[in-house]
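**Student:** Based on the hints, put chain B in the right spot on chain A.
Read top to bottom, the protein sequences are chains A and B. To get my numbering, take the position in the first sequence, counting from 1, and add 4. To get my numbering, take the position in the second sequence, counting from 1, and add 4.
Just so you know, the hints here were simulated from the structure itself, not pulled from any lab data. Idealized CB from N, CA, C, for every residue including glycine. Hints may contain errors.
[Stated by the list, open to error] Far from chain A by the CB rule (all over 10 Å, computed), these chain B residues:
#1 Q19
#2 E34
#3 L41
#4 M106
#5 K125
#6 Y266
#7 D359
#8 R402
#9 D431
[Said to hold, decoys possible] Some but not every residue of chain A turned toward chain B, in silico, with C-beta under 10 Å:
#10 H59
#11 S190
#12 F213
#13 K346
2 protein chains.
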Amino acid sequence: MGIKDILEKVLRKDQISTSESELYRHSRDESSHDPVLPDVVCFPESTEDIQQILHIANEQAVAVTAYGFGSGLEGQVIPMEKGISLNLERMNQVIEFSPEDMTVTVEPGITRTMLNEKINKYGLQFPIDPGADATIGGMAATNASGTTAVRYGSMRDCILDLEVVLADGRVIHTGTKAKKTSSGYSLTGLFTGSEGTLGIITKITLKLFGIPEYLIAARCTFPTVEECAEGAYAVLANDISITRMELVDDTSIKTVNAYGDYTFPEQHSLFFEFAGTKDTVDAQVAVVKELMEDIGCDNWAVATTTKERHELWRARHEMAYAFQHQQGISYFITDVCVPISKLSVIIHYTRELMDGYHIHGGILGHVGDGNFHTFLTFEKENEEEKSKVLEVTEKIARKAIELGGTCTGEHGVGIGKKAFQRQEHGDAVDVMKSMKQVLDPSNILNPGKIFM
Amino acid sequence: MGIKDILEKVLRKDQISTSESELYRHSRDESSHDPVLPDVVCFPESTEDIQQILHIANEQAVAVTAYGFGSGLEGQVIPMEKGISLNLERMNQVIEFSPEDMTVTVEPGITRTMLNEKINKYGLQFPIDPGADATIGGMAATNASGTTAVRYGSMRDCILDLEVVLADGRVIHTGTKAKKTSSGYSLTGLFTGSEGTLGIITKITLKLFGIPEYLIAARCTFPTVEECAEGAYAVLANDISITRMELVDDTSIKTVNAYGDYTFPEQHSLFFEFAGTKDTVDAQVAVVKELMEDIGCDNWAVATTTKERHELWRARHEMAYAFQHQQGISYFITDVCVPISKLSVIIHYTRELMDGYHIHGGILGHVGDGNFHTFLTFEKENEEEKSKVLEVTEKIARKAIELGGTCTGEHGVGIGKKAFQRQEHGDAVDVMKSMKQVLDPSNILNPGKIFM
Numbered sequence: 005m006g007i008k009d010i011l012e013k014v015l016r017k018d019q020i021s022t023s024e025s026e027l028y029r030h031s032r033d034e035s036s037h038d039p040v041l042p043d044v045v046c047f048p049e050s051t052e053d054i055q056q057i058l059h060i061a062n063e064q065a066v067a068v069t070a071y072g073f074g075s076g077l078e079g080q081v082i083p084m085e086k087g088i089s090l091n092l093e094r095m096n097q098v099i100e101f102s103p104e105d106m107t108v109t110v111e112p113g114i115t116r117t118m119l120n121e122k123i124n125k126y127g128l129q130f131p132i133d134p135g136a137d138a139t140i141g142g143m144a145a146t147n148a149s150g151t152t153a154v155r156y157g158s159m160r161d162c163i164l165d166l167e168v169v170l171a172d173g174r175v176i177h178t179g180t181k182a183k184k185t186s187s188g189y190s191l192t193g194l195f196t197g198s199e200g201t202l203g204i205i206t207k208i209t210l211k212l213f214g215i216p217e218y219l220i221a222a223r224c225t226f227p228t229v230e231e232c233a234e235g236a237y238a239v240l241a242n243d244i245s246i247t248r249m250e251l252v253d254d255t256s257i258k259t260v261n262a263y264g265d266y267t268f269p270e271q272h273s274l275f276f277e278f279a280g281t282k283d284t285v286d287a288q289v290a291v292v293k294e295l296m297e298d299i300g301c302d303n304w305a306v307a308t309t310t311k312e313r314h315e316l317w318r319a320r321h322e323m324a325y326a327f328q329h330q331q332g333i334s335y336f337i338t339d340v341c342v343p344i345s346k347l348s349v350i351i352h353y354t355r356e357l358m359d360g361y362h363i364h365g366g367i368l369g370h371v372g373d374g375n376f377h378t379f380l381t382f383e384k385e386n387e388e389e390k391s392k393v394l395e396v397t398e399k400i401a402r403k404a405i406e407l408g409g410t411c412t413g414e415h416g417v418g419i420g421k422k423a424f425q426r427q428e429h430g431d432a433v434d435v436m437k438s439m440k441q442v443l444d445p446s447n448i449l450n451p452g453k454i455f456m
Numbered sequence: 005m006g007i008k009d010i011l012e013k014v015l016r017k018d019q020i021s022t023s024e025s026e027l028y029r030h031s032r033d034e035s036s037h038d039p040v041l042p043d044v045v046c047f048p049e050s051t052e053d054i055q056q057i058l059h060i061a062n063e064q065a066v067a068v069t070a071y072g073f074g075s076g077l078e079g080q081v082i083p084m085e086k087g088i089s090l091n092l093e094r095m096n097q098v099i100e101f102s103p104e105d106m107t108v109t110v111e112p113g114i115t116r117t118m119l120n121e122k123i124n125k126y127g128l129q130f131p132i133d134p135g136a137d138a139t140i141g142g143m144a145a146t147n148a149s150g151t152t153a154v155r156y157g158s159m160r161d162c163i164l165d166l167e168v169v170l171a172d173g174r175v176i177h178t179g180t181k182a183k184k185t186s187s188g189y190s191l192t193g194l195f196t197g198s199e200g201t202l203g204i205i206t207k208i209t210l211k212l213f214g215i216p217e218y219l220i221a222a223r224c225t226f227p228t229v230e231e232c233a234e235g236a237y238a239v240l241a242n243d244i245s246i247t248r249m250e251l252v253d254d255t256s257i258k259t260v261n262a263y264g265d266y267t268f269p270e271q272h273s274l275f276f277e278f279a280g281t282k283d284t285v286d287a288q289v290a291v292v293k294e295l296m297e298d299i300g301c302d303n304w305a306v307a308t309t310t311k312e313r314h315e316l317w318r319a320r321h322e323m324a325y326a327f328q329h330q331q332g333i334s335y336f337i338t339d340v341c342v343p344i345s346k347l348s349v350i351i352h353y354t355r356e357l358m359d360g361y362h363i364h365g366g367i368l369g370h371v372g373d374g375n376f377h378t379f380l381t382f383e384k385e386n387e388e389e390k391s392k393v394l395e396v397t398e399k400i401a402r403k404a405i406e407l408g409g410t411c412t413g414e415h416g417v418g419i420g421k422k423a424f425q426r427q428e429h430g431d432a433v434d435v436m437k438s439m440k441q442v443l444d445p446s447n448i449l450n451p452g453k454i455f456m
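Here chain A stands alone, though its shape is the one from the complex:
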């Protein structure tokens, strides 16, 4: 009896698929990692469904890989050892919304846009913004963040409680609905970012934030990347609670101008977003303008209307597309994060590598966090170019670790960053492995990820 037949004992037929198109959809994510087809795709509708599936998977020694929206960038959803792809899209409900507590409990398959649509009318938002319309479950599993991390942190900072089904079918809660806790070991932080290797997340309680009544975007340019980093530091050191602060290098600006018909000054740029009440925002903008001018910025421009602001940030978001959506082009994205003082060092290193290897690409940075991405493009199916790009991503990751940073600031380890875990974490890798061993002794949960 095949795994599909066994699953049919506990799930309805429409919760199980082995159609070619579904197997293909669940074989890959947004990255260029090689796809692997699962044997079967399941569509659980409840925590109980997942318990049943994991019981079967344990009995049959079949791998289970959770799937959210497929927008990951390190192959976390690719079922390396085939088996079951666990698609959580039907578990997409808001379970409990407490505006007065500024918390919401959701199922993992809800996307951040769906969630915000439901809560924005109460003046509340979930502001973590990884760019793609990822599911909250996927964002929790990878500890995602994005442009707003400088203000709101990463997923781990915004999760109060997780309901998790463990490999053996036990269901636990990792936290409570209280904002702070010193009770017991922090399992919330441990399961967040564990990429489906320690358990399947079935509910997530999130901190929410007020929607600021007033927003302003601004940008300026500097002759060098060092001065951009200096500018970012000045904002942080003055304890200004900026909501976004992004570095875009000159090459990236040129690319987006060409792609999107923009006319940004083609120099290294900082993009800012300020949020709050009108008075506090106006005061912040004035302070930041002065700080930037002290360092020697050019082209300070403020977008006060909603239209201008959207325009400016749309351009920033289109940077990614400008590199990605070119005919016949594939790409890998680096995601290193370093201490702020090392940012200009590693950006220079990266740009020199790209030039040396003749790789076209751009650098976009969440500069307030020391996190930046390099888009490294290659011609589709060109194995030689692809291997050059992979060589460069490796060099950048190892350099970041040497500089006291990490190989991944927000995308997670998945497949692409496994090779750097020992360099980055040393013997702590063995501690991590011992937790995996204790919680999933048969290694059924997303095998082949995080660890070599």
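**Tutor:** Same frame as chain A, but now just chain B:
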């Protein structure tokens, strides 16, 4: 050969003490939990010393309990199974200070005041403020926070990396110096708040924050605790980055007026602190004043000068002393944290309990976090009164958990909150225990804490 003789093989004589006064000092903390004398006190001076001590402890099956400043409130430093008290006061150095990264790496024995003295001149601060001048190691071990958590979070939010000596002597690093990471399992969060039961923290890398150029304190009163909670909610919902926001109930105000010769209006009060540049702070104060007046506050008062501001916050800090430092009086402090919407419910419940049991005490709350403390006093050596107080602390803790909260928001589990772990965490307690088992199979690290 006794444990002292064995320790003398690896430590100098002045690093080992069995003097009565040292044993006494290491038998207790600031709480009223029963003291237990260790067999011996060690004063390690390096990570290597601690590795040696743990090797001996493992061989001899002797308990090791870390000791920072002794300011804990749940008996974490009390050596329940005697053995070795590991006093970290000689490991109190700044190892690496990177103002440009806004990070610092310190040894565990440095206190937060010592640390701030070294870094304030660079315009930077470590703002977590639990009240006492605790060590950074102790604060990390209990995931401490305090009045500034509403702005800066708890220790777990501010730690980038820990160096930890595991029970078997291995030394690991749990993170990096980068501000964000999605690499591997979050061991930083796991060891933070583990109260010396999973390993001994030997280095801590902290996020630092800019010292705001301008501060304003303010206060107002409301007829009911519900309106205080409503006021706090309005501040949070408007995304105003306040640095402190404290609830003090009418009884506590009366007590501090009597104790400190203050003349605060004797009603339920909110205390605020705003920080930033002068313009942003002035704007924030104006917004909050308007929000409070909309809800119906009385007695809005602003302290603009440093002297007035210190006066106002000194009064808040003296609340604790007003209850504690009365001749012949002991006390227990509750530390529950609930969803904000449940705050007035549990505060009423608490006040009714105190009245019903005829217990004198006060309620002080980190209202922005839903965390509050009840000082429950009893006559020293009066076992009947003490057991009444313990009964009330139990009822408050269990009520908080029922309301979706936690038995401890910032003090930790130690001895006093062990009994509530199963109610709060359910089967997750077994997951926690399995991690303890895997990392400390002989249970030498702070036995008798966290778990029953």
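**Student:** Run every hint past the structure and note whether it holds.
**Tutor:** Evaluation of the provided hints:
1. The Cβ of Q19 (chain B) sits about 26 Å from the closest Cβ of chain A, beyond the 10 Å cut-off, so the non-interface label holds.
2. For E34 (chain B), the requirement that its beta carbon stay farther than 10 Å from each beta carbon of chain A is met, with the minimum near 16 Å.
3. Every CB of chain A is more than 10 Å from the CB of L41 (chain B) (nearest about 26 Å), matching its label as outside the interface.
4. Not every beta carbon of chain A lies more than 10 Å from that of M106 (chain B), the smallest distance being close to 6 Å; the non-interface claim is violated.
5. Every Cβ of chain A is farther than 10 Å from the Cβ of K125 (chain B); the closest lies at roughly 14 Å, confirming the non-interface assignment.
6. No beta-carbon of chain A comes within 10 Å of the beta-carbon of Y266 (chain B); the shortest separation is about 28 Å.
7. No Cβ of chain A approaches the Cβ of D359 (chain B) within 10 Å, the least distance being about 25 Å, so the stated non-interface status holds.
8. At roughly 13 Å from the closest C-beta of chain A, the C-beta of R402 (chain B) stays outside 10 Å, upholding its exclusion from the interface.
9. The non-interface label for D431 (chain B) is inconsistent with chain A: the shortest C-beta to C-beta separation is roughly 5 Å, within 10 Å.
10. Restraint check, H59 (chain A) versus chain B: the minimum CB separation of about 16 Å is more than 10 Å; hint violated.
11. The beta carbon of S190 (chain A) is positioned within 10 Å of a beta carbon in chain B (closest approach about 4 Å), and the interface hint is therefore held.
12. Of the supplied interface hints, the one on F213 (chain A) holds, with its beta-carbon coming within about 6 Å of a beta-carbon of chain B, less than 10 Å.
13. Checking K346 (chain A) against chain B: minimum C-beta separation of about 8 Å stays under 10 Å; hint holds.
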